[in-house]
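Enquirer: Produce the entire structure from the sequences given, and follow the hints as far as they go.
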Amino acid sequence: MRMLISVATAALGVALAAAPALAAEPGEVVIVAPAGPQTMDGCQSNVSSTARILKQNVLEALTIVDPVKGGAAPRLATSWEQSADGSWLFKLRPGVMFHDGTPLTPETVVYSFERMLDKALGCDPFIFVFSGVEVKAEAVDAETVRITTNPVQPILPLMVESVAIVPLATPRNELTRAPLGTGPYVFTNWDTQTSVTLTRAPSYWGEMPAVTKATFIWRSEASVRAAMVDVGEADLALSISEQDARDTDLMYQSAEMSRIKINNDQPPFNDVRVRKALNYALDRRALIGTLLNPRITLANQIVGPSVFGYDPAIGQYEYDPVEARRLLDEARAAGAPIDRPIRMISIAGSSTFANQDEVIAAFIAMWKQVGLSVTNEALEMGLFRSSIRRENFDPNRNPTLVFSNHDNTTGDAGMSIFSKYHSSNGTSDLPDTPEGIKAMDALIESGMAAVGDERRRIFGEAMRLEHDEIVPEVWLYYMVNIVRKSDRINYEPNPRTSQVIDLATITLN
Amino acid sequence: MLKFVVMRFLSGGLSLAILVTLIFFFARLTGNPTDLYVPMDASEAVRAQIAEQRGFNDPVVVQFGNFLADLARGDLGQSLRYARPAIDVVADAMPTTLTLAGLAIPIATVLALVIGSLGALHPGGIFDRIAGGATLGAASLPDFWLAIIGILVFAVVLRWLPTSGTGTALHWVLPVAVLVFRPLGILAQVVRTSMLGVLSSDYIRAAEAKGLRWPAVLVGHALPNAVIPMIMVVVYQAAGILNGAVIVEVVFGMPGVGRLMLDSIMFRDFNLLQAVVIVTAIAIFIAAAVADLLLALIDPRLTHD
Amino acid sequence: MTETETATPGLRQRVLAGLAILASRPGAALAFLYLLAVVAAAIAGPPFFADSAEAIDFKARNLPPLSLEPSWHYLLGSDSIGRPSLDRLLVSARSTLLISLVAVALSAAAGVLLGLVAGLRGGFAAAAIMRVCDALMSFPTLLLAILLLYVVKSSVGTVVLVLAVSRLALFIRVTRAETAEVRGRVYVTASRAIGARPGWITRVHLLPALVPTLVTLFAVEVAFTMLAESSLSFIGIGVQPPGVSWGLMVAQGRDYLATQWWLSFWPGLAIVLTALSLVVVANLMKTALDPRQKWRLQM
Chain A
3 MRMLISVATA
13 ALGVALAAAP
23 ALAAEPGEVV
33 IVAPAGPQTM
43 DGCQSNVSST
53 ARILKQNVLE
63 ALTIVDPVKG
73 GAAPRLATSW
83 EQSADGSWLF
93 KLRPGVMFHD
103 GTPLTPETVV
113 YSFERMLDKA
123 LGCDPFIFVF
133 SGVEVKAEAV
143 DAETVRITTN
153 PVQPILPLMV
163 ESVAIVPLAT
173 PRNELTRAPL
183 GTGPYVFTNW
193 DTQTSVTLTR
203 APSYWGEMPA
213 VTKATFIWRS
223 EASVRAAMVD
233 VGEADLALSI
243 SEQDARDTDL
253 MYQSAEMSRI
263 KINNDQPPFN
273 DVRVRKALNY
283 ALDRRALIGT
293 LLNPRITLAN
303 QIVGPSVFGY
313 DPAIGQYEYD
323 PVEARRLLDE
333 ARAAGAPIDR
343 PIRMISIAGS
353 STFANQDEVI
363 AAFIAMWKQV
373 GLSVTNEALE
383 MGLFRSSIRR
393 ENFDPNRNPT
403 LVFSNHDNTT
413 GDAGMSIFSK
423 YHSSNGTSDL
433 PDTPEGIKAM
443 DALIESGMAA
453 VGDERRRIFG
463 EAMRLEHDEI
473 VPEVWLYYMV
483 NIVRKSDRIN
493 YEPNPRTSQV
503 IDLATITLN
Chain B
3 MLKFVVMRFL
13 SGGLSLAILV
23 TLIFFFARLT
33 GNPTDLYVPM
43 DASEAVRAQI
53 AEQRGFNDPV
63 VVQFGNFLAD
73 LARGDLGQSL
83 RYARPAIDVV
93 ADAMPTTLTL
103 AGLAIPIATV
113 LALVIGSLGA
123 LHPGGIFDRI
133 AGGATLGAAS
143 LPDFWLAIIG
153 ILVFAVVLRW
163 LPTSGTGTAL
173 HWVLPVAVLV
183 FRPLGILAQV
193 VRTSMLGVLS
203 SDYIRAAEAK
213 GLRWPAVLVG
223 HALPNAVIPM
233 IMVVVYQAAG
243 ILNGAVIVEV
253 VFGMPGVGRL
263 MLDSIMFRDF
273 NLLQAVVIVT
283 AIAIFIAAAV
293 ADLLLALIDP
303 RLTHD
Chain C
87 MTETETATPG
97 LRQRVLAGLA
107 ILASRPGAAL
117 AFLYLLAVVA
127 AAIAGPPFFA
137 DSAEAIDFKA
147 RNLPPLSLEP
157 SWHYLLGSDS
167 IGRPSLDRLL
177 VSARSTLLIS
187 LVAVALSAAA
197 GVLLGLVAGL
207 RGGFAAAAIM
217 RVCDALMSFP
227 TLLLAILLLY
237 VVKSSVGTVV
247 LVLAVSRLAL
257 FIRVTRAETA
267 EVRGRVYVTA
277 SRAIGARPGW
287 ITRVHLLPAL
297 VPTLVTLFAV
307 EVAFTMLAES
317 SLSFIGIGVQ
327 PPGVSWGLMV
337 AQGRDYLATQ
347 WWLSFWPGLA
357 IVLTALSLVV
367 VANLMKTALD
377 PRQKWRLQM
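Chains as they are written, first to last, in the working numbering: chain A, 3 to 511; chain B, 3 to 307; chain C, 87 to 385.
In short, the hints are calculated from the structure, not lab data. Bear in mind that the values here come from a model prediction, so they are computed numbers and not experimental data. From the three backbone atoms N, C-alpha and C, an ideal C-beta is built for every residue, glycine too. Treat the hints with care, since some could be wrong.
As the list claims (entries may be wrong) - Have a look at the derived ranges for each label pair, beta carbon to beta carbon:
1. C/R283 / B/V155: 57 to 63 Å
2. A/R179 / C/T244: 46 to 52 Å
3. B/L73 / C/A126: 52 to 58 Å
4. B/G57 / A/Q84: 29 to 35 Å
5. B/V155 / A/S388: 38 to 44 Å
6. C/P328 / A/P323: 46 to 52 Å
7. B/V155 / A/R179: 35 to 41 Å
8. C/L105 / B/V155: 39 to 45 Å
9. A/W207 / B/G15: 57 to 63 Å
10. B/P97 / C/F134: 50 to 56 Å
11. A/P296 / C/P328: 24 to 30 Å
12. A/D396 / B/G67: 52 to 58 Å
Expert: See the structure below:
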């Protein structure tokens, strides 16, 4: 041991003499994320580890989601309008060049849509956004593209945000590892397990950003990420944990909400009183400022305030153990087996909260107070994902809760409501009766077809029904994320920071 | 001797075949990877389609047949996760782990020989107690704990070393140091124990009685005999260092084989898992074969099986 | 060490002799006492402290060590929901000890048996055992554990099984190597030549030579199994809350190393001390059991 120390010290002395400057060159920033990318294709635009590198930086779409107000804003399309037949016409921005030197034309847009929505590639836009929708893109003239969908999509301008526009040189039938786009940064290098480098595009159509070179790296431990900013190895560290956070760190409301799904396949969870009691029994406010970030807020619907369709009028299940016990007694009197052991499943190793084990322990203790016995079982991701599917529910299993979180990446409540409450999705939680299911499906479908205030009203109505009457889940919190930045840069995080790091918004001191 | 060498290689190939077959079927028991490659919100139709396309729906035996056919052509398949040939991904990761092991194992071995022998000279003496206790204590610390404390102390507080990553020689100091402790603790114990055994055996006592001086006894007579059990343990530790490498590579963000294995299991990237298992197994097999040869040279009785 | 020799001293004399040896070796005595304390905690911890170890108290959260307010339970500090570290440590002693002991015992039993077969019988059985052993050895045990845990449902039993399998190759190899070595000794070859059966050879020649090695190996492996269990927790697939173990506590505390160091320090220290004590006691026993080294204890 002593030997080792002396050897190490000697080695250190030699190495220190040749220690390189850790500080980056001016104009260069290093961003450290929790996980590295799996692919480098716009195809995987919903995987945050890929998206936060590519989106807005290398790849651009016809529109962008306004990060604060929600809704679509111009990007590669300068304007759009819906024709009488329901199709949409997008006017392309003139003078835009791809990184390979070819110009942005309607043909490239058509090519990008065909590629991204090709079933064979199985890209995220196809799976997430355009699932079950027929899409046809065609060139109208030298600067206009017509996109026809069946059924007609009232929020198509928002949906096309997911389709990155790529040049014809992008391989058609396979994923690329060297993405080409129109963005302010050129993809330069991907060292598969270590880093991705982007450099500023000299011929960008828009305003020239301040950062000249960005390197994305990843470290799994939050404490290591935080330390890297402190010692000058990184300029921006994402997902800093609660206990490491300090006043100078940046906090932001993310688009993510946490919840506990209540599967109603097993009694007593088929009794709405029990589901309400699960909500009333949790003193969610007690954890804020103690276990959880003081700026975290209580959730009461599947989307947060920054998403179109959020309804501020929906109430809260405030902590009320007396009411919880009363509801449980009532249910028990009606024959509900309240004493059955309850199983909660969560994803092993992942943490929705910085101190998830403690949060879960606290919830279980609170449920115990009202007489419900819950145990948590952490499942590995693949197992978790297959066991939350209704088709895999074992008829003899224990009543089951699912600790989960949801991140709305589109800025519109439709995607969240459809995937969480519509019966066509294998993991959604449904009303207790067939009529109820039918009615909810119809309501959601009418909302998906509506626009503007009508859309907002219907989505609000659906989420109010879920909250007040169907109660398929325990609503927990709208999440707050913490990032640490170095003094070298200025950066203002927004609700989409977990998904997209817009390098152009970073300025240097 | 030649027969022994040939047999050793044949049996190694057999072990490898057993391992690969086990891993192949075992990995597929972990479930259909569709759930991991298709977002949770995907519709049923999309899920079915993806599973079909990637061949997840074929009977496992058919998949195994395809795998063997590809293997015969030297093709380990595409990595699902990285969308490139699995063997390329492994080849990229190999140097990092080899460097980690190649630095940690020799350092641990040399330190263990020194500490263990000195301890055995005066069992129960001051040096024996302190050095033995310290090496064992350090070896009994969880390696992720050592790694994070190492970062906090040497990178954050003292600022002598970079926190993590690769690039300069300094980046290797902490990961290698963390990896050294476990084998060092064990090896020092092994050396000390076998030295004690050897030192109390008749011929050493005879050598002592002849009036030979201690260093001569130690280096000339005791050490070679004590090395035999050590070689085997060194090989075992070299194989085991992959365990440590998983943790170290995860914490320090190093692009190595250990992390690759972990990821490939977590993401059900079967082709990648198979490729990485085959490559590392070959590496470990070669190390074990060399050790066996060494042992056989030192102690020919071991060749009789 | 022949049969007649081991049978002579009565139990009482042997205990007294053992105590005398301990008394002359304070280090070993301390190690022995510590292990006794751990065993005591494993037996008495859960019935007395199970409730207080899980009691959530936000007023007593994040207390540093040496806090005697609100009560002595907080002597080693508390975590972010106010659970006292001391009580948690005492309660988790049982599962920690049980998991590693059972895992290593299973592993040793199977490993010694297979190793003896491989060492004594030779032929096809030996070849098959050694090839499987090589295959196990060339796949990192941690990853084997992860793969196993994905196939079978994660539970304490699975963790034990996984840890046992991951230790198996070492026991097989060591047993076989020792067996081969003893088998080659002159007197054993002579025994075989005069027609001694393998069972007799095993009992009379092999076991006395094997036991000291195996005892040490067992002790060291128990300690390292605790670590392996901790590594599983680090990856998120070890013992699952609300289950507790020292390894899990270290893994959970790693997020707080910069702020509440004591959360992972105490369980880590408990593991280190257990490992050290086990090795010290094992070395002593090995010396006592090994006829060639017994004289050292009589000095």
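Enquirer: Just to be sure I understand the hint, the distance between the Cβ atoms of C/R283 and B/V155 should be within 57 to 63 Å; is that true here?
Expert: The hinted range 57 to 63 Å holds for C/R283 and B/V155, with Cβ atoms some 60 Å apart.
Enquirer: Are B/G57 and A/Q84 spaced within 29 to 35 Å by their CB atoms?
Expert: For A/Q84 against B/G57, whose Cβ atoms are near 42 Å apart, the range 29 to 35 Å is violated.
Enquirer: Cβ-Cβ distance between B/L73 and C/A126: within 52 to 58 Å?
Expert: Once the Cβ atoms are compared, 55 Å apart, the range 52 to 58 Å for C/A126 and B/L73 holds.
Enquirer: Verify the CB-CB distance for B/P97 and C/F134 against the hinted window 50 to 56 Å.
Expert: 54 Å Cβ-Cβ, so the 50 to 56 Å window holds.
Enquirer: Please test the hint of 46 to 52 Å on the beta carbon pair from C/P328 and A/P323.
Expert: Given a distance of about 21 Å, which is not inside 46 to 52 Å, the answer is violated.
Enquirer: Hint says 39 to 45 Å; check whether the CB-CB distance for C/L105 and B/V155 agrees.
Expert: 42 Å, holds
Enquirer: For the hint 52 to 58 Å, verify it against the beta carbon of A/D396 and that of B/G67.
Expert: 33 Å, violated
Enquirer: For the pair A/P296 and C/P328, does the Cβ-Cβ distance stay inside 24 to 30 Å?
Expert: 27 Å, holds
Enquirer: For A/W207 and B/G15, compare the CB-CB distance with the range 57 to 63 Å and indicate the outcome.
Expert: With Cβ atoms ~59 Å apart, the hint holds.
Enquirer: Just to be sure I understand the hint, the distance between the Cβ atoms of B/V155 and A/S388 should be within 38 to 44 Å; is that true here?
Expert: Roughly 43 Å apart at Cβ, these two residues keep to the hinted range, so it holds.
Enquirer: Go ahead and decide if the range 46 to 52 Å is satisfied by the Cβ distance of A/R179 to C/T244.
Expert: Taking Cβ atoms as reference, A/R179 and C/T244 lie about 38 Å apart, which means the hint is violated.
Enquirer: Taking 35 to 41 Å as the stated bounds, is the beta-carbon spacing between B/V155 and A/R179 within them?
Expert: Once the Cβ atoms are compared, 38 Å apart, the range 35 to 41 Å for A/R179 and B/V155 holds.
The structure does not agree with the numbered hints 2, 4, 6 and 12 stated previously, though it agrees with the rest.
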